[in-house]
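Enquirer: Sequence:
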Amino acid sequence: MSQSVERALRILPLLAKGPAGLGEVADELGVHKSTALRLLRTLHERGFVYRCPDGRYRLGAQLFALAAEAIENLDVREIAHPHLVELNRATGHTVHLALHQDDEVVYVDKVDSRYPVRMYSRIGRPVPLTVAAVAKLLLADLPEAELRALAGRIEYPRYTARSTPDAAAFLRELDLVREQGWATDLGGHEESVNCLGAPVHGPDGRVVAALSVSAPGVVVSAEGLLELLPQVLRTAEAISQDYSGVQEST
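Each residue of the sequence shown is one higher than the one before, starting from 1 at the first, in the numbering used here.
This list has only true hints and no planted wrong ones.
Per label pair, the in silico range of CB-to-CB distance:
id	residue 1	residue 2	range
1	I123	G202	20 to 26 Å
2	L233	Q101	21 to 27 Å
3	D175	A222	17 to 23 Å
Bear in mind the hints are in silico, worked out from the structure with no lab data behind them.
Small disclaimer: the values here were computed from a predicted structure and weren't measured.
No residue lacks a Cβ here, since even glycine has one placed at the ideal position from N, Cα and C.
Please model the complete structure; the sequences and the hints are all you need to start from.
Expert: Below you can see the structure in the form of structure tokens.
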């Protein structure tokens with residue numbers, strides 16, 4: 001990497017901690033103040049750094065504008081799809097990706113099982129909020145007040161004997177999901193279908209999507225599906241890294 005580029009990039013994390021003076025920047029880079037000043041002036045001219053009235057420097061508006069534009073234009077479905085295909089190839093089971101929109105959680109991608117017994121689900125279709133693994137993952141990340149308000153206004157259909165019965169049970173379930181970092185639907189929507197899900201995180205750590213592996217009990221037992229948890233978590237983490245632009249450490 002160009003030495004000047006490398007030094008300029010090292011300035012940005014320093015200023016992310018708060019405004020810093022020329023001397024602090026020079027010390028951080030291990031260079032003379034004149035060298036640090038040239039780098040700061042270039043960054044300032046491009047809007048990545050702002051010079052405060054007191055002479056210190058902080059991150060500039062252009063950096064925030066670029067970050068906001070990049071996040072807005074990220075398509076989590078496009079990023080996730082190759083990973084969903086690989087998870088489907090490795091397990092043979094149906095794989096879904098879901099997003100939270102208003103008071104609905106909607107499937108935005110699906111890779112069908114290779115087994116003759118298929119799940120009835122389709123892209124664009126809302127999922128049952130109170131039982132679906134992907135819904136639990138997405139809703140568990142909501143702010144507490146927003147989550148409690150939602151829990152109080154939605155209905156709790158008894159799809160099966162294992163369906164979530166009421167708001168109190170729903171909130172307890174979401175507490176568990178938040179704590180363990182994954183979710184299940186073991187016959188809560190359909191007696192014969194089990195589902196295991198994991199969250200996809202954005203750059204700020206918030207849950208931006210959820211993926212799941214689903215299979216009928218005649219294909220794999222609930223216990224057998226749960227054995228796939230490490231693989232499902234690794235897939236979700238890989239999508240999160242790609243979505244956030246994080247490189248794996250070597």
